[in-house]
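**Student:** Work out the full structure, taking the sequences as your base and the hints as a guide.
In order, the protein sequences belong to chains A and B.
Take any residue in the first sequence, note its place counting from 1, add 1389, and you have its number in our numbering.
Take any residue in the second sequence, note its place counting from 1, add 1165, and you have its number in our numbering.
Treat the hints with care, as some may be off.
[Claimed, not checked] Heads up, incomplete: computed chain A residues facing chain B, CB under 7 Å, no partners named:
1. Leu-1443
2. Pro-1463
3. Lys-1464
4. Met-1470
5. Ala-1490
Derived from the structure by calculation, the hints contain no laboratory data.
Glycine included, C-beta positions come from ideal geometry on N, C-alpha and C.
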Amino acid sequence: MASVTFDNATRMYPGGTRAAVDKLNLEVADGEFLVLVGPSGCGKSTSLRMLAGLEEVNDGRILIGDRDVTDIPPKDRDIAMVFQNYALYPHMTVAENMGFALKIAGVSKDERAARVLEAAKLLDLEDYLTRKPKALSGGQRQRVAMGRAIVRQPQVFLMDEPLSNLDAKLRVQTRTQIASLQRRLGVTTVYVTHDQTEALTMGDRIAVLKDGLLQQVGTPRDLYERPENVFVAGFIGSPAMNLLQVGLADGGVQFGQSVVPVERETIAQTTASTATIGVRPEDIRVTEDPNAGLAVTVDLVEELGADGYLYGHADINGVRTDLVARVDGRIHPYAGETVRLEVLPNHLHVFDVESGLRLSKPVTL
Amino acid sequence: MTASTVLDPNTRPNLPPEKPRTLDRVREKLSSKTATIAALLIAILWTLPTLGLLVSSFRTPDAVATSGWWTAFTDGGLTLDNYEAIFDPTRVYVNIGEGLLNSLAITIPGAILPLGLALLAAYAFAWIPFRGRNWIFIGIFALQIVPIQMVMVPLLRLFSSGEIFGTVVVRPLGGDSGFASIWLAHTILALPLTIFLLHNFIASLPNDLFEAARIDGAGHGQIFLRIVLPLAMPAIASIAIFQFLWVWNDLLIALVFSSSDQNPITVMLTNMVGTQGQNTFLLSAAAFISIIIPLLVFLGLQRYFVRGLLAGATKG
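**Tutor:** Written out as C-alpha cells, the structure is:
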C-alpha cells in the first residue's frame, strides 16, 4: 500500500503544441479510491499511463509512496493495471492469465496456484479457470482482468475505463462490485472514466481534468455542491446544471421577475454587470405566482417514474436560453405550456462571467 | 478461421465493424455455386498435368515417346520398372536416397534459420522503438528487388574469400564448409520477405497486450517468447511451409553452392537425366519420389497454411 503523488507532472506529445497533461499536481492518499474524470482528450488516460510508466514524463515527478518512479520502467513500479478492453492474453487460460505476472516474478507454482485460486474465489471465477478468454462473456473477461490485477497484490491499482465495454446493466452492477472490492482490499486505486456518474458513485475523491489541466479535486459531494468553475459545474451532475448568464441586481441576481438574494461579498467580487449563475435542475421549482420567477416555455418533459425532467427555453435579456428543471413524475406541465420557474434560495452558484471562476460561498450543506 | 480467432477475446469489442463484414461478404461470394464450380474447374485444369506426369511415370519409355499419357487408360501396359530403375545405381549413376537425405539436411536448417532470425528482427521492428527504425525497415523491404542471379557471384566471393566489394571482412568458409554455405545463402535470400511478412503480422497484434505484459513485469525476451511466439504461430507455420517448399524445390542455389556429395534431390534429378538426355523417361518417376516429403509437410501443416494465409490477408 502506498500513496501516489503527481508533482508538476507534464506530458508533451512529440509534435504537439500543447501539453497533454500540464503540470499536474495531485496527491492520492494510501488506500484511497481516486477517480480521474473529464471529457475525451482531457489527459486523464495520459495521466494514468504516466503513472503506469507507459507514457514518458517530460517534466515534473511521479512518486509512489516515497519512491520517485518517474524514470522507472513499469515492471518495477509495483502496480497493476486493468485495461479498457482487458488485454487478456488470448492464448492463455484464465488461470495462466491471472498468474502470468507471478510466473514472470518467479513465484513458485504452488503459491501461484493458491493466489490465483484465492483471487478467483473473490471474483467468482473458480469455474472458469481452465477456459480461454474467448470462451468467456464480457463481464467474465472484465473480472479476469480485475483478477489479474488483484493476484499481484500491488501497491496501486490503475484502471482505465474498465467498464466501458460492458452493457448498461452489468456496468452498474460491476461498478458497485469494484468499489466494494477496493474498499475490502484497501489498495490505493486510480480510476479513469469519462462517465461522471461512475465518478460520483465510486470515488472517495474525484479529480476533474480538462485540456490537460486539473480543474478541481474533491469528494463527490464537494464537486457537486461546490464546483470551482463553470466547467466542473456543467460536467458533474446529470442532467447537467443550468448555467445562465443573468444581470446583477441590488442584493442579488435577476432571475426573470424575481431577484434571487446573493451575499453582498459575492457580488462585490465582480465588476461586470452580469454573472453566470448555476442552478441544479432539482433546485428549480414551478411557481403559481404570476409576478415571480422566469417564464419558461416547456419543450419536453422526460418522465422517469418518480421524477420528471422539464426541458424548456426562456428569454433572458434577449438571449434564448435552455433550461432543465426537475418536476414531479406524475403531475407536471406539458410541452407547449408556459410556466414560471423560480430558484430555491441558497442553492445558487455564482460564477464570474469572464473567468468562469466561482464567486459565491458554498451552498450550506 | 482467421488469426482473429486467436486474438478475438480482447479485440472483438474494439474491432471496426466494417472489417469483418467485408470479410464475411467476400467469404459469402466466394462460396457461391458459380464460384465453387469455377474454383473446381481451375483446380482440375491445374492438376491435370500433374496427373499426366503420374501416369507417365508408370509407362515404358517407348510408350511415353510415341503416345499421349491418356492412352494408358485404354491401352494399359503400366509398369513399376521406372521406379525400380531410379533406385538402381548401376542404371542411373546417382543415389536418389542420398539426394533425399541431402535435401532434408539443406531444407530443414534452410527454413528454420531465416525464420528464427526474421522473427527476432520482425519483433524489433514492430515493438522496439529505435532511431531510424522505419528507414532500416524500408531498406530491408527494398532488398527484395535484388534478383538472386545478381547475388550469386558476390555471395560466392564472400563465402570463398570473405570479401564484400573486394574488402576482406570475415574469414572465408573454405572448401570443406559442408552445408553451411547453402544454409547461409538460403537464409540471406529469404530474410527480406520473411521479415516483411512476419513484421506485418506481429505489428498487428494489439498494443494493449504488450503494455499489459510490460506491467506484468515481462521484458522484451519474455514478451517475445511468451506472447509473440504463441500468437504468431499461424504466421510462423505458413511462412515455414513456404520457405520449406522454396528451399526443397531450389535448383539454382544448390547447383552453385553445393559440392557433389551435398547435392540435393533437385540436382540429382538433372544429373540423372544424363548429358544426352538418355534417362529423360525416368524423370517423372523421380519427380514423384522427390515431392513426397513436401507433400507430407504440406498436408501435415495445411491447417496452419490456410489460416496463416488468411491471417496475413486481413492482418489479424
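**Student:** Could you run down the list of hints and mark each one as holding or not?
**Tutor:** How the hints compare with the structure:
The beta carbon of Leu-1443(A) is positioned within 7 Å of a beta carbon in chain B (closest approach about 5 Å), and the interface hint is therefore held. Using the Cβ-Cβ criterion of 7 Å, the hint placing Pro-1463(A) at the interface with chain B is satisfied: the shortest such distance is roughly 5 Å. Taken as an interface hint, Lys-1464(A) checks out: its beta carbon lies about 4 Å from the nearest beta carbon of chain B, inside 7 Å. For the restraint placing Met-1470(A) at the interface with chain B, the shortest Cβ-Cβ distance is roughly 5 Å, inside the 7 Å limit, so the hint holds.
A cut of 7 Å between beta carbons decides the hint on Ala-1490(A): the least distance to chain B is about 4 Å, and the hint holds.
The structure agrees with every numbered hint stated previously.
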